[in-house]
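My request is simple: use the sequences and hints to build the entire structure.
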Amino acid sequence: MKIIVLAGGEGKRMWPINTDKCLIPFLGKSLLYHNLKKINARLPGVEFIIVASPQTKDGVEKVAEELKLDYKIVIQNEPSGMADAILSAKHLIAGEILIVNAEDILDASVFQNNYEGDVMLTGIKVDKYFPGGYIKVEGESVKGIVEKPGEGNEPSDMVKLVADYFKDGQKLIGYLEKAKSERDDIYEVALSQMISDGINIRLARYEGVWIPLKYPWHILDITAYFLSKLEQQISPAAKLSEKAIIEGNVVIEEGVKVFEGACIKGPCHIGKNCIVGNNSMIRESNLEEGCVTGFSSDITRSYIGANSWFHTNYIGDSVLEGDFGAGSGAVLANLRLDNQTIKVGEEKLDSEREKLGLIAGQGVRVGVNASTMPGVRVGGNSLIGPGVVLRKDLKEKRKITIKEESYQEQDYESAATTYDQFRDKLKH
Amino acid sequence: MKIIVLAGGEGKRMWPINTDKCLIPFLGKSLLYHNLKKINARLPGVEFIIVASPQTKDGVEKVAEELKLDYKIVIQNEPSGMADAILSAKHLIAGEILIVNAEDILDASVFQNNYEGDVMLTGIKVDKYFPGGYIKVEGESVKGIVEKPGEGNEPSDMVKLVADYFKDGQKLIGYLEKAKSERDDIYEVALSQMISDGINIRLARYEGVWIPLKYPWHILDITAYFLSKLEQQISPAAKLSEKAIIEGNVVIEEGVKVFEGACIKGPCHIGKNCIVGNNSMIRESNLEEGCVTGFSSDITRSYIGANSWFHTNYIGDSVLEGDFGAGSGAVLANLRLDNQTIKVGEEKLDSEREKLGLIAGQGVRVGVNASTMPGVRVGGNSLIGPGVVLRKDLKEKRKITIKEESYQEQDYESAATTYDQFRDKLKH
Amino acid sequence: MKIIVLAGGEGKRMWPINTDKCLIPFLGKSLLYHNLKKINARLPGVEFIIVASPQTKDGVEKVAEELKLDYKIVIQNEPSGMADAILSAKHLIAGEILIVNAEDILDASVFQNNYEGDVMLTGIKVDKYFPGGYIKVEGESVKGIVEKPGEGNEPSDMVKLVADYFKDGQKLIGYLEKAKSERDDIYEVALSQMISDGINIRLARYEGVWIPLKYPWHILDITAYFLSKLEQQISPAAKLSEKAIIEGNVVIEEGVKVFEGACIKGPCHIGKNCIVGNNSMIRESNLEEGCVTGFSSDITRSYIGANSWFHTNYIGDSVLEGDFGAGSGAVLANLRLDNQTIKVGEEKLDSEREKLGLIAGQGVRVGVNASTMPGVRVGGNSLIGPGVVLRKDLKEKRKITIKEESYQEQDYESAATTYDQFRDKLKH
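Protein chains in written order, with full-length UniProt numbering: chain A, 1 to 428; chain B, 1 to 428; chain C, 1 to 428.
Honestly, the hints are just simulated from the structure, not real lab data.
The C-beta atom is built at its ideal place from N, Cα and C for all residues, glycine as well.
Incorrect hints may appear among the rest.
To be verified - Below, in silico cross-link-like pairs of lysine to any residue (SDA-like), each with a Cα-Cα straight-line distance of 25 Å or less: (1) A/LYS343 x C/LYS343; (2) A/LYS403 x C/LYS343; (3) A/LYS397 x C/ILE246; (4) C/LYS343 x A/LYS214; (5) A/LYS214 x A/PRO25; (6) B/LYS171 x B/GLU147; (7) A/LYS348 x B/GLU207; (8) B/LYS243 x A/ALA238; (9) A/LYS257 x C/ASN249; (10) A/LYS243 x B/GLU147; (11) B/LYS257 x C/LYS243; (12) A/LYS392 x B/TYR225; (13) A/LYS239 x C/ILE246; (14) A/LYS348 x C/ASP411; (15) B/LYS397 x C/LYS243; (16) C/LYS348 x A/GLU404.
Stated by the list, open to error - If you only want the chain B side, here are some residues facing chain A, beta carbon under 7 Å, derived: (17) GLU65; (18) ASN279; (19) PHE295; (20) GLY327; (21) ASN369; (22) PRO386; (23) GLY387; (24) LYS392; (25) ILE402; (26) SER406; (27) GLN410; (28) TYR412.
Right, here's the structure in full:
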């Protein structure tokens, strides 16, 4: 069997995260690495045909080499839908194929050992409306696919996942080449034609984990997923103070230093060469390599990209792509005071999260005593000046500061108190 | 003997604290509870006639039931002075009566086992002017009462407390019904008439503790009083980390959790189900039930009403009615830099305290990195936005934020440094 | 031999530090004390002639008495150059003299046991331009002195230190009285004349430590120098919590208290009666006596003058003259986000330091949650209001605050959440 891995899709909705979705690292390895490793273990000996974009090609290749896969890479020059991606690889397709997404999180059980019939699609039952493809079901047969039907118009409670089996890959190619659509749904049109032509499409009902990655805050869901799989493992090449506290399922990589009074409560992953400073507290978070959390930092349920640094900050439920820096006293607020879910951007996109902090692209800097409001997004290499309260999104390479005119200067007859008076006051 | 408890007075000067004075909880029980329990223990078997307001009725009844008192409750519909309060209960008054305030803190010794004579009032010697009633004294006899004589016009250094004994309660009723005054001093006029009629009023000189509750910062004095009575007592149903520090007379109620690195220095009361987070420090404070002090909070000499929550805050000498919430980095300043006592409100009311933080009604929220200046008052359900420096009082249901125009945005040519450079800088 | 100590120079470039340079204390003793003690140990039995200013006289006398020196003090009424300073002492000069600066840090080895020849000057090799006097060298002979030649015009790589030996002090007096110059270089003119007259001036090449004190940030270099000499020494009259961490070469003087969770990482000097509060961290810093670091303060590589107090602050690479006070959450930033060295003042004076915090005169106060930018200078007795971000220098006795107009107030329909909802959110 050949596995067609779709790894070239664009991620407009991921702004300000620029890293291609499947290459975002978790626990030190990219999402693609984790997913291909899982398939390769479940279906040993398969061949991978990976459809990459020009941007993802190098990263994809590195992953395939590291996993020692039997693989070929195909480049899709423009991201223009699933059908186009599959057609990019048509010269390599022959016999049985299984089409999968590079970035969706699914349990290994979704990949079956014995596929039967000509076509088998996979559905998952949902509790509430999801903006994807729904499956028209009759018994165990698929009778149609409806893309984004809109809430209330769903043909069933079954959403189609991308784990599509075809006994004859070339037959699919034929259907794709004939299918026509104005919309971005040529693949679904081709499937409908198959059904019209009497081809039996079987439904596999999947009941495991499914975490799609559409918006940047989904990175927090994926982080939580990977953290939930951890067991405690501390590198012998890490230096931990005896006065630090490590509790629960914490993975600490080589070269890490943890100083006195620091507290790491699992599940947590602390990447290579990270420094966890005195009195810092890290909970339920993933730190990629080379991060420094200075004195008394507090990092909770966050994704922290490589080489980020902190000093006495509160970082809650935040997604920081990497090379992030925060001055002392900067706070990334994560909780609205009115009990509503966090809405993102001018379009008030509902994150459906009650807690969401900052979402920052690569290289963002936050000045001392600055604050960012829940769900704010900041483009790469931007600067939030000291003392600023940032309430709205900021584009790439922008700098926001407090105007000098906000201050007034006057003479000051300091009622200089003696030391002893102050000391008395300060004593307790 | 019947004890007439005045528990219906209004508390205009207590703004923004809305809870009726006698129902404010300390150590998990209302002031009324503490006071009636003390009287009941000192004078077992007495009957209580409690004059409540429509607002306090339920709370008063609950206290009386809990203490299993022999009691009756009378409702005074409008708060209109002490004489009116007593007259509300005239149908229940017969024989010996002792009139007391529901909220004043006095030692049990003020309630005597054997009262003698027809009338006995209680006075306390004061060092400086107090805006209350002064007693004209001759030997051990009261020769008159002067309400708020003004500084320099005091007839003596004896202020009249409310612990007034009358052998014949109905005789007092008669005098009250005949007394007339334009001012709020009918009770004192009635006493003067008694004296004119030759009734001998004896003076009991009291030398113990006396803490009146007129202004909200007096809650801090009462807190200190109750804390001074504590002995260490830790509920077996509390969970204390072995890496937490508990020192001195600390009472920890059931359901409390204290995390690693937290430090509680007595005297302190930590109410039911409170959570004291990592590295938090609590000193000389009363926390009512259900409070959460997140990471690295610092609470000193404060009254913290139920269900308040904190996260990396400094809370000094503050009175927070309850359901208070503070974002990370918010600071309630408590000390003027010019060594003066803290003045409160536009009228510059002198609190006579060198340290006084925020006084907040129920449900106040303070945003991340916001600051409040010493002695500021904030009405219930108001919001102090992130980064705001609040220098003046805020009414109920108000929101104060920084104007967007205070910021400027520009292009930013980030001199993005490499990770290694930063890492070198940050290493020590 | 007589040692002429120049201790009356002015220090315009030291603003906002007002303490005369040689009287600035390090490790509890003034710079003059350290320097004279070193000379006295190296050259026992010499006589000191100290040229003081009217301002330094008392301090100088105290030092000389404490060291039990054989000394005389001469007052130079106006600070007008080295020649004038020496001439102030001409009535005391006879025989061999050695002229030294009161404040430069030099190893003892610079003072030689056996001076030879008529005149011996001392030079140090420099790697890059220094704005001082350069020596024209031929073999081991001095052929001239060039004051501040400008970069690229240096006659050699040898900068002249002030450690000048004259076999016949009165001969120098004679030359000084005859020398004339419009500029502040009469001393150098006199030396040139000596050379012209055929007097052989020998050169001593010095290779040890040399730290001049010209700008206030040099105080940090001198602090590092003194700290580097420390060995761990903890006064038996200090009280250290068993839960505090003391690491490395830390000197703790008598009367010091160190509370639970505090961490002092050497080299550090903690002066008499200092209080190091709970969870505070102090690294590579000198605290003069009577300082108080409240809860969770973080002091790094800084000079902290006597009687300063802190409460949850970050103090990095800062020079605080003394009696400094900072409210909770105030941050003295020390690092530019663009990797440049810190420039100081409107004239953008390059400190050549990548990290430099605040430079504050005596009695400066910083409000809660205020921030100061790297390299800012603040004159004595000034106040930086709460929440202010100070980007530029502030003169003496000035007060800078946020304008009230920066805020807006509105009605607030608080979506008051119930306690249980919040509690659920806050639990982890």
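For each hint, the structure was consulted:
1. A/LYS343 x C/LYS343: Not OK: A/LYS343 and C/LYS343 at ~41 Å, beyond 25 Å, violated.
2. A/LYS403 x C/LYS343: holds, 21 Å
3. A/LYS397 x C/ILE246: violated, 44 Å
4. C/LYS343 x A/LYS214: Roughly 45 Å separates the two Cα atoms, so the pair is violated.
5. A/LYS214 x A/PRO25: holds, 16 Å
6. B/LYS171 x B/GLU147: holds, 22 Å
7. A/LYS348 x B/GLU207: violated, 65 Å
8. B/LYS243 x A/ALA238: holds, 23 Å
9. A/LYS257 x C/ASN249: Holds: A/LYS257 and C/ASN249 sit about 21 Å apart, inside 25 Å.
10. A/LYS243 x B/GLU147: At roughly 63 Å apart (the allowed maximum being 25 Å), B/GLU147 and A/LYS243 break the hint.
11. B/LYS257 x C/LYS243: holds, 21 Å
12. A/LYS392 x B/TYR225: The given pair, whose Cα atoms are some 48 Å apart, is violated under the 25 Å limit.
13. A/LYS239 x C/ILE246: holds, 19 Å
14. A/LYS348 x C/ASP411: The hint holds at about 22 Å.
15. B/LYS397 x C/LYS243: violated, 45 Å
16. C/LYS348 x A/GLU404: holds, 19 Å
17. GLU65: This hint is violated: B/GLU65 lies away from chain A, its Cβ roughly 35 Å from the closest one there, beyond 7 Å.
18. ASN279: Constraint on B/ASN279 satisfied, holds at 6 Å.
19. PHE295: holds, 5 Å
20. GLY327: Since chain A brings a Cβ to about 6 Å from B/GLY327, closer than 7 Å, the hint holds.
21. ASN369: holds, 5 Å
22. PRO386: holds, 5 Å
23. GLY387: holds, 4 Å
24. LYS392: violated, 16 Å
25. ILE402: holds, 6 Å
26. SER406: holds, 5 Å
27. GLN410: At about 5 Å, which falls below the 7 Å cut-off, the nearest Cβ of chain A leaves the hint on B/GLN410 intact, so it holds.
28. TYR412: Constraint on B/TYR412 satisfied, holds at 3 Å.
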